[in-house]
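K.L.:
Below are the chains, spelled out letter by letter.
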Amino acid sequence: MSRKMLLSGGRVVDPSQSLDAELDVLLVEGAVASVGASLTSAEDAEVVDCSGLVVTPGLIDVHVHFREPGEEHKETIATGAASAVAGGFTAVCTMPNTDPPIDDPAAVGFIVAAGRAAGLSRVYPVGCISVGRGGERLALVGEMVEAGAVAITDDGSPVMNSGLMRLALEYAQAFDIPVADHPEDLGVSATGHMNEGIISARLGIAGKPNASEDIHIVRDLLLAELTGGHIHLQHVSTRFGVEAIRQAKARGVRVTAEASPHHLILTHQAVEGFRTEAKMNPPLRTQEDVDAVRAGVADGTLDTIATDHAPHHYDEKEAAFADAPNGIVGLETSLGLVLTHVVGEGVIDLSTMVERMSCQPARAFRLPGGTLVEGAVGDVTIFDPNETWTVEAARFASKSRNTPFEGWELTGRPRRTIVDGRTVWSA
Amino acid sequence: MTDPAPSLGKDLVGLENLTAGQILAILDTAEPFKEISERRIKKVPVLRGKTIVNLFFEASTRTRISFEFAEKRLSADTVNISSTGSSVAKGETLVDTARNLEAMRIDMVVIRHGASGAAHFLADRIPSNVVNAGDGWHEHPTQGLLDLLTIRDHRGGIDGLKVCIVGDILHSRVARSNIYGLRALGAEVAICGPKTLLPPAPEELGCIVFPRVEEAIEWADVVNVLRLQLERMEAGYVPSLREYNRIWGVSKRRLQAAPKDLLILHPGPMNRGVEIDSDVADGEHSVILNQVTNGVAVRMAVLYLLAGGQPEKAEAAKQGAEA
Chain A
1 MSRKMLLSGG RVVDPSQSLD AELDVLLVEG AVASVGASLT SAEDAEVVDC SGLVVTPGLI
61 DVHVHFREPG EEHKETIATG AASAVAGGFT AVCTMPNTDP PIDDPAAVGF IVAAGRAAGL
121 SRVYPVGCIS VGRGGERLAL VGEMVEAGAV AITDDGSPVM NSGLMRLALE YAQAFDIPVA
181 DHPEDLGVSA TGHMNEGIIS ARLGIAGKPN ASEDIHIVRD LLLAELTGGH IHLQHVSTRF
241 GVEAIRQAKA RGVRVTAEAS PHHLILTHQA VEGFRTEAKM NPPLRTQEDV DAVRAGVADG
301 TLDTIATDHA PHHYDEKEAA FADAPNGIVG LETSLGLVLT HVVGEGVIDL STMVERMSCQ
361 PARAFRLPGG TLVEGAVGDV TIFDPNETWT VEAARFASKS RNTPFEGWEL TGRPRRTIVD
421 GRTVWSA
Chain B
1001 MTDPAPSLGK DLVGLENLTA GQILAILDTA EPFKEISERR IKKVPVLRGK TIVNLFFEAS
1061 TRTRISFEFA EKRLSADTVN ISSTGSSVAK GETLVDTARN LEAMRIDMVV IRHGASGAAH
1121 FLADRIPSNV VNAGDGWHEH PTQGLLDLLT IRDHRGGIDG LKVCIVGDIL HSRVARSNIY
1181 GLRALGAEVA ICGPKTLLPP APEELGCIVF PRVEEAIEWA DVVNVLRLQL ERMEAGYVPS
1241 LREYNRIWGV SKRRLQAAPK DLLILHPGPM NRGVEIDSDV ADGEHSVILN QVTNGVAVRM
1301 AVLYLLAGGQ PEKAEAAKQG AEA
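Order-wise, the sequence lines are chains A and B. Count the first sequence with the numbering used here and you get residues 1 to 427, in order. Count the second sequence with the numbering used here and you get residues 1001 to 1323, in order.
These are computed hints drawn from the structure, not numbers from a lab. Incorrect hints may appear among the rest.
[Claimed, not checked] Straight-line alpha carbon distances no greater than 25 Å define the calculated DMTMM-like cross-link-like pairs of lysine to aspartate or glutamate that follow: (1) A:Lys317 with A:Glu68; (2) B:Lys1162 with B:Glu1016; (3) B:Lys1010 with A:Asp185; (4) B:Lys1313 with B:Asp1153; (5) B:Lys1043 with B:Glu1058; (6) B:Lys1050 with B:Glu1035; (7) B:Lys1042 with B:Asp1077; (8) A:Lys317 with B:Glu1092; (9) B:Lys1318 with B:Glu1058; (10) A:Lys317 with B:Asp1153; (11) B:Lys1252 with B:Asp1153; (12) A:Lys317 with B:Asp1221; (13) A:Lys317 with B:Asp1077; (14) A:Lys4 with A:Asp384; (15) B:Lys1260 with B:Glu1284; (16) B:Lys1010 with A:Glu272; (17) B:Lys1252 with B:Glu1203; (18) B:Lys1252 with B:Glu1214; (19) B:Lys1072 with B:Glu1031; (20) B:Lys1162 with B:Asp1124; (21) A:Lys317 with B:Glu1102; (22) B:Lys1195 with A:Asp185; (23) B:Lys1318 with B:Asp1028; (24) B:Lys1010 with B:Asp1107.
Using the sequences and the hints given, assemble the complete structure.
P.N.:
Right, here's the structure in full:
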C-alpha cells in the first residue's frame, strides 16, 4: 500500500510554477504527485483539510546554529530540528562554528546522521572554509561535499585573509557549492558590541560601523567577479551593502544574499537599556538601513530570508552588555514576523515571501524542494495567515529563549509541517 | 511654598535621564552637607542603621574613598568588596553577586564596574538602591554632579556657560555624565581631542567639536581636562604621550590670554605633563581640589536623597532630626 496524503482546499502559493490559487496537493510516497483543482482522493489517502490555510513548498532556512557538537546546553540537532518544524521549516543548513568545528568529512557525517536520527526537518551541514576556522588553510572541501556538506563558510567569523577567500571561491567551483561569508572587517569592528552611532555613543558601548561590513561585502563581490565563483553573503544589514550587491548582480556577478527577519524589523533602538536580547552580529542598525534591507528583499537584491537562529543559554545573556554573546533564536518567530511586518506592511507579497523563504534558498544551495512541481520532494508548509498569536519564548521547542520579540503579537502561524510526505509537526 | 523637589527614584545610574529639577535638588542638598566635613567631629546620624556595600569591580582610590567618607560621615554601616580576593575573582557572575547581596538585606549598593550598563543591570535586579560609581564608558554620575557643583560654586550658576571637555571623550564615563548634566542645566558643551578619541555622532550628543585645544580654550568659560590613559597610546589611539602633550596638553602658555575666571577642572588622577601641565594643575585657574572636597558632599546628598530624604529637610537632618 502506498503512502498518500491529500492536502485539500488550501491556497497553494508556489512561485516556482507561478501558482497562487485554491487547489489540492497530492503527495504519494514522499513526493508531489499532482497539484490541481478538486483532486479525487484515493480511498487510502490521509486527507488534510486546508481550507482557509496557505500551502507552500516547505520553507528552508539556510542559516542556523544548532550548537552540536560542543554546546549542547544551548541547542542540539534534535532540539534545533524540532524548533525548525515548529516554525514551519522543512529544511535547514547548519553552520559549522561548533566545538569542534565541522571542518572534515567525519564531522559532516555526524551532522547528517544526527539530523536523520531526529527525523524532523532535513538538516544539511555547511562545512568550514578553513581548517579549524583558523582562516589559514582550506578545509577538506571535496571530501566534506561527498559526506553531505552543501556549502562552506567560516560563519561566526569572517575570512579575514582575502587570498584564502579567493582560493575558496575558486576551489568550490568543482563541487558547485556556494561559499558563504559573514562579511565583517574585524580590524574595523573587533572591539564593537553594537551598531556604531548615536546610541552606542550615549550608552558608552564600542560600536561596529557599517563600513566594517561594507568593506568585506565589496571585497567578496570583487573576488566572486575575479574567480567566477558563487559568493553567498550572509545577513546583510547595511544600506551601502545592499546597493553594492544590487550593482554586482546587474554586472552578472554570481552572488546570492540573505536578509534576517530582525534586520528587516528592528533598529539599534532595541538595544536601549542595555538589552542583551537585542545584541547580535551584524548588529541592529538604523532605520535607513532597515529601509534599505527591506527594499533589497522587495527587489530581489537580497534573494533569501534566513534567520541566523543563534541559541544561547539564559545565563549567558544575563550579563553586562559587552559580556553577553551575539545572536537570537529565530526559527519559531520567522514566519510570523515576516508575515506580519514584511508582507503585512506591504514590502513584499505572499508569493515573493515564499520565493525568498523556500524557492530561492533551495536554488542557492542546490537543495531538493522549494517547489511543488510533480515529482518534487514532498516537503510542504501549511500556515494560517490570519491567526493572531503572542510570542512566548517559554513555549519554544528550541532549547533557548533568547529573543527580542517576547510578547510581540503576530498574525500568521504555522499549522502543519510535512517532510518527505509525512507530517512531522502540527499545531 | 514651591512644589517639593522631585524624587530621584530608587537608583542613580546616570544623569542622562534626570531632569534639571532633579539635578538641582542634588546640588542644593549637597550645600548643607559640605559643612559636615569641616567639623571637628565629622559625623551626623542621617543614615544610622543603613547598610551600604561598596562593590568595586575596578580599581579605584578617589571615588571609593570619597563614597566611604560620605557614608561614614552620615553614620551608615559600610562594607567594601573589591574584585580581587572576592567571590568575583572566583568567577561568580554579576547576577549571582547581586542576588547574594540582596539575600543579606542590604539597603544600598555603590557599584563600580568595567562594563557599560553594569549599574543599570544591578538596579533592575535588586530592590536595594543602586548608585553608579562608574560603569565602563557609560556614566559616572556623582563625578558629573561634583563637577557641576564646583562650577556653580565658582561661577554662580551653570546656565549659559561654555564648558569644553578635553581629551579621551570616547572612553570616558566622566565626559558622558558631564555632557548630560551640563546640557540639562543649560550650558553649552564642547569636546576637544584627537578624532580617534571622540565618540561617534558628537553633534547628536549636543556637543560642539574643537579639533585643537587652542580654539577650545579661547571659546570656553570652563575647561574640564580628562586623564589620558597610557593604554590608549598602547592601543594606538595616539602615537605618543609626548606628542599628545604638545598638541592637546593644557599648558600655561595656552592659558596666557584666558580670562581670570576661566576654570580648569580635572577628575583625577592626573598625568602631570601629559594632558595637563603642573603649573596649570597648581595654578590660579585650577579648582581641582575643590572638586575632591565637593565629591564627598555630593555623594552624601545622593545617598541621603535615595534613602528617602527631602532636600529641604537636609539642614534639619544634619542636626540629628529624622530624615
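K.L.:
All the hints need checking, so say for each whether the structure fits it.
P.N.:
Verification of the hints:
The suggested pairing of A:Lys317 with A:Glu68 holds, with an alpha-carbon distance near 19 Å, which does not exceed 25 Å. For the suggested pair B:Lys1162 and B:Glu1016, the alpha carbons sit about 19 Å apart, so the restraint of at most 25 Å is met. Taking the CA atoms of B:Lys1010 and A:Asp185, the gap is about 42 Å. The hint is violated against a cut of 25 Å. Only pairs whose Cα atoms come within 25 Å are accepted, and B:Lys1313 paired with B:Asp1153 is accepted, the gap being roughly 21 Å.
Distance check on the hinted pair: B:Lys1043 and B:Glu1058 sit about 28 Å apart at the alpha-carbon level, beyond 25 Å; violated. For the hint linking B:Lys1050 to B:Glu1035, the alpha-carbon distance of about 22 Å falls within 25 Å, and the restraint holds. Distance hint between B:Lys1042 and B:Asp1077 is fulfilled; the C-alpha atoms sit about 15 Å from each other, no more than 25 Å. Proposed proximity of A:Lys317 and B:Glu1092 is supported: the alpha carbons are some 15 Å apart, at most 25 Å.
Pair hint B:Lys1318 plus B:Glu1058 does not hold up; C-alpha atoms about 32 Å apart against a cutoff of 25 Å. Taken as a hint, the A:Lys317 and B:Asp1153 pair is broken in the structure, with Cα atoms around 44 Å apart against an allowance of 25 Å. Of the supplied pair hints, the one linking B:Lys1252 and B:Asp1153 holds, its CA atoms being roughly 23 Å apart against a limit of 25 Å. Note on A:Lys317 and B:Asp1221: the hinted pairing is violated, with a Cα-Cα distance of about 45 Å set against a maximum of 25 Å.
With a C-alpha separation of about 34 Å, the suggested pair A:Lys317 and B:Asp1077 falls outside the 25 Å cut-off, and the hint is violated. A distance of roughly 23 Å separates the Cα atoms of A:Lys4 and A:Asp384; the hinted pair therefore holds under the 25 Å criterion. For the hint linking B:Lys1260 to B:Glu1284, the alpha-carbon distance of about 8 Å falls within 25 Å, and the restraint holds. Of the supplied pair hints, the one linking B:Lys1010 and A:Glu272 holds, its CA atoms being roughly 19 Å apart against a limit of 25 Å.
Restraint check for B:Lys1252 and B:Glu1203: the C-alpha separation of about 30 Å exceeds 25 Å, so the hint is violated. A C-alpha spacing of about 12 Å is found between B:Lys1252 and B:Glu1214, which places the hinted pair at or below 25 Å, so the restraint holds. For the hint pairing B:Lys1072 with B:Glu1031, the CA-to-CA distance comes to about 18 Å; that is within 25 Å, so the pair holds. Between B:Lys1162 and B:Asp1124 the alpha-carbon distance is near 35 Å, which puts this suggested pair outside the 25 Å criterion.
A hinted pair counts as satisfied when its Cα atoms are at most 25 Å apart, and A:Lys317 with B:Glu1102 qualifies at roughly 21 Å. For the suggested pair B:Lys1195 and A:Asp185, the alpha carbons sit about 21 Å apart, so the restraint of at most 25 Å is met. Distance hint between B:Lys1318 and B:Asp1028 is fulfilled; the C-alpha atoms sit about 14 Å from each other, no more than 25 Å. At most 25 Å may separate the alpha-carbon atoms for a hinted pair to count; B:Lys1010 and B:Asp1107 meet this at roughly 11 Å.
In this structure, the hints that do not hold are numbers 3, 5, 9, 10, 12, 13, 17, 20, in rising order.
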